[in-house]
Amino acid sequence: MSRKTPSSANSRRPVRRYRSGVVFLAIIMSLEAGFACQGRASAQADVNAVAPPIAGQPVNFSGAIGSYAIVMQAEPKSLQAEDSLTLTIRITVTGAGSLEQIRRPNLKRIGQFAKHFVIQDGKERDLAKEKTREFEYVLRPKNAAVKQIPAVPFVYFNPAIVPASKGYQWAYARAIPLTVRPRAVVGTAQVKDSSPPRPPVSVLEIATGAVVLRNQANFALPGWEALLALAVAPPILCGIWLVSWRRRHPDAARVTKQRRSRAARLALKAIAAAAEVPHAQQAPCLKEAVTQYLGERFDLAILEPTPVEVSTHLQEKGLSGAATGKARQFFGMCDAARFAPQVSDRSRSWTAAATELVHCLEEESWPAPAP
Amino acid sequence: MACAGALIVLALATLPSAEHEASNADLLQTAETAFTRGLATRTNSGDAKAFFQESVTSYGQLWQRGVRNPALLGNLGNAALLAGDLPRAILAYRMGLRLAPNDRALQSHLELARAQVDYSEQSSFARPPVEHRPPWLPRVPAGLQLLTALVSYGVLWLALARWWMFRSSRWVLAAGFAAALAGLLGASLFVESRMNREDAVHPLIVIADDGVLVRTGNGLSYPPRYETPLNRGVEARLLHARGAWLQIELSGGEIGWVPAGYTIGALK
Chain D
12 MSRKTPSSAN
22 SRRPVRRYRS
32 GVVFLAIIMS
42 LEAGFACQGR
52 ASAQADVNAV
62 APPIAGQPVN
72 FSGAIGSYAI
82 VMQAEPKSLQ
92 AEDSLTLTIR
102 ITVTGAGSLE
112 QIRRPNLKRI
122 GQFAKHFVIQ
132 DGKERDLAKE
142 KTREFEYVLR
152 PKNAAVKQIP
162 AVPFVYFNPA
172 IVPASKGYQW
182 AYARAIPLTV
192 RPRAVVGTAQ
202 VKDSSPPRPP
212 VSVLEIATGA
222 VVLRNQANFA
232 LPGWEALLAL
242 AVAPPILCGI
252 WLVSWRRRHP
262 DAARVTKQRR
272 SRAARLALKA
282 IAAAAEVPHA
292 QQAPCLKEAV
302 TQYLGERFDL
312 AILEPTPVEV
322 STHLQEKGLS
332 GAATGKARQF
342 FGMCDAARFA
352 PQVSDRSRSW
362 TAAATELVHC
372 LEEESWPAPA
382 P
Chain X
309 MACAGALIVL
319 ALATLPSAEH
329 EASNADLLQT
339 AETAFTRGLA
349 TRTNSGDAKA
359 FFQESVTSYG
369 QLWQRGVRNP
379 ALLGNLGNAA
389 LLAGDLPRAI
399 LAYRMGLRLA
409 PNDRALQSHL
419 ELARAQVDYS
429 EQSSFARPPV
439 EHRPPWLPRV
449 PAGLQLLTAL
459 VSYGVLWLAL
469 ARWWMFRSSR
479 WVLAAGFAAA
489 LAGLLGASLF
499 VESRMNREDA
509 VHPLIVIADD
519 GVLVRTGNGL
529 SYPPRYETPL
539 NRGVEARLLH
549 ARGAWLQIEL
559 SGGEIGWVPA
569 GYTIGALK
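Protein chains in written order, with my numbering: chain D, 12 to 382; chain X, 309 to 576.
Chain X with its partners taken away, still in its complex shape:
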């Protein structure tokens, strides 16, 4: 009896899920069809953009339904880029890279999108942060890092125990190596975890219009903090929201307020 009850509960739990899945599949189909039609009508820029924009909308709805993967974000970014929606494309690529840091296609598309942003000055103001990591150096997935760190930590203690038993310097060497590896991976994981937390607390936003001035306060009566306005595609972190104004931090550490209507935020 209890088993039958459990089966009913299970069926009830999976029924909406199946419906949801079908609906997601429909949305995906819509997005893909619109994208294909956009490609087919590329000679007519206006029509093509409308199709790509439709594709963006459908992919965006999938995201809003909780579908989270780099492929979806890559598609969304591509569709937005072709639709001329530069800010959304940058946002999608950035979020995709958070999920798949080693995705070369996302990296190159993000560079392509950033190259189209009209940064107002030759200085580093409002420009995205410079990546100092060599491109050939792969990013180890966090799960694998955690596993390796734990194994290294275990090996460290095993080596210490063996050294205690036999007093052989080889075990000290092994323990030192394991400690170094565990420490390195632990630090890397800690940094990654902090970055994820930072993403959650201060999500990425992208300026959606040209000529947006960063002001000293949350109102037009406040003077601009910087003379150079921000153009569409400039990336920033959201620090605080007050009414229709957002306090943002640019990659160079510059902080100020911009109207919320001139930004697009994390795809939630």
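Just chain D, with the same shape it has in the complex:
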């Protein structure tokens, strides 16, 4: 059995102490590491949860929250005007923040870029290990006066800065000097169509003389008073004309009134149409047309009236004996043609009789005005 010497015992005591210290430290460190991870995660969560203040927000705020750096490089730096160069912008997360928040800077919105370059967006890629997002652009300097690629700002919000209104930070990618040469002159022999684009001949011509000095105003409608007068004058003049015409031609006015009878107009139209059918079939058509006319014009409600019924009805309406006699005669003639065709008067024009009857009835129902 080995015996521990005091010295050895004494010498082992510190070792034990050392071991326990290491264990303690390891525990502390692991705890710290745990806390640190937790802290980072919570910081990340905080970054995502932060809402940048609206007040004082710069126009070109990128939307990124955290801490970032931006650099750019161009290749080539010496070129002819209108030739293309590749610009690569790298935005790196330097503290809190995430790659997802980094959006492509819009160079077209930067006046100096839009003025001096034709801009075309290129590829973009994430370099996760470097916490960097890379954007490519193809730029073409518009002319030889372009001396540099202007600085590109990247505006982000750093929530760690208090007060929050001062949290907006500008990071700039430095401007890159460029050497832009004028484009080499192309000899006329080198191009197929050597003639430069020329404006049409008419652009090279100008009007000369007094025609250039005359005055021509834009069209403007007359004032509302004039328009009102112009609108009112024709109806008034026509009204005056109409009244004077009626005074000078009272008969014509009466005839016009007769023509205004829609029933008579329709009846005359039907009578004219009946003239087209064979003579033997005219009577029923004419009787129907005249009956309809009497129904509309004199309220005769019977569909198949006898001559006596017609004359009685018209007498009740106040028409003269001559008119009622004509009506009775016409209806009698129609009945004869229908029921006794062999004895009916074939020589007579039934359409003429029907027309005459309608005119006679219209004449009586629209009496001439007293002279």
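Hints were generated in silico from the structure; no laboratory data involved.
Hints are supplied without guarantee of correctness; some may be wrong.
Chain X is faced by these chain D residues, among others (derived, beta-carbon under 7 Å) [what the hints assert, rightly or not]:
#, residue
1, T143
2, S213
3, V222
4, R225
5, N226
6, Q227
7, C249
Note that CB positions come from ideal geometry on N, CA and C, so glycine has one too.
Following the hints, complete the assembly by docking chain X onto the known chain D.
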């Protein structure tokens, strides 16, 4: 005595006018000479442009003195186009077409100038409005339209009166035709009158520089309303002016603010 007084007044009234006329003639002469010299030196682009620019200035002064006609504006547009002043050329052609809508030369020159404008996108953003009217359909001068409309209106009432007298359907037909013609021409005149009023209230402006951003407010602190900048030659209507900023409306109805210094307005 009264007659003599009237003559004196008349002479006094015409004296400055004669002087003014002579001065206008001088300006015209200057403009024409500069234009001719510009044409003669076209091989030297720089010199030619200087001459054309001088011509533009003289024609512009004539306009400022109140000379209003499409020939002057056509000359001004041509000189500006040859001087490389695209925005002014477009403005002049547009204003010339307001005075003479049927002028084929102005139409074709305006198309030529618009073809040189660098519209930023393939979309219709900031492009001039598309003309749906067939090119062969002539525009009737407004005065003639008004006269025809009035005659048609008179014929309408005459036809109605005749119909009332004779109850003939032919007069109804004639009245209907006259009413349709009068209505059509009246509507056309109304539209033209509205357009003229619109021109007076919201005059045409043209963007004079490349890369002008349309912003949401009258200051650089306001964000751009559209990402695409406007280039020289883009046409717009002036809605409102506030300080050194103008609120404009593009042909597609897009509204925003641009610095007044980057535009040229109606030639007043």
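Hint check results:
no.	hint	result
1	T143	violated, 25 Å
2	S213	holds, 5 Å
3	V222	holds, 5 Å
4	R225	holds, 5 Å
5	N226	holds, 5 Å
6	Q227	holds, 5 Å
7	C249	holds, 4 Å
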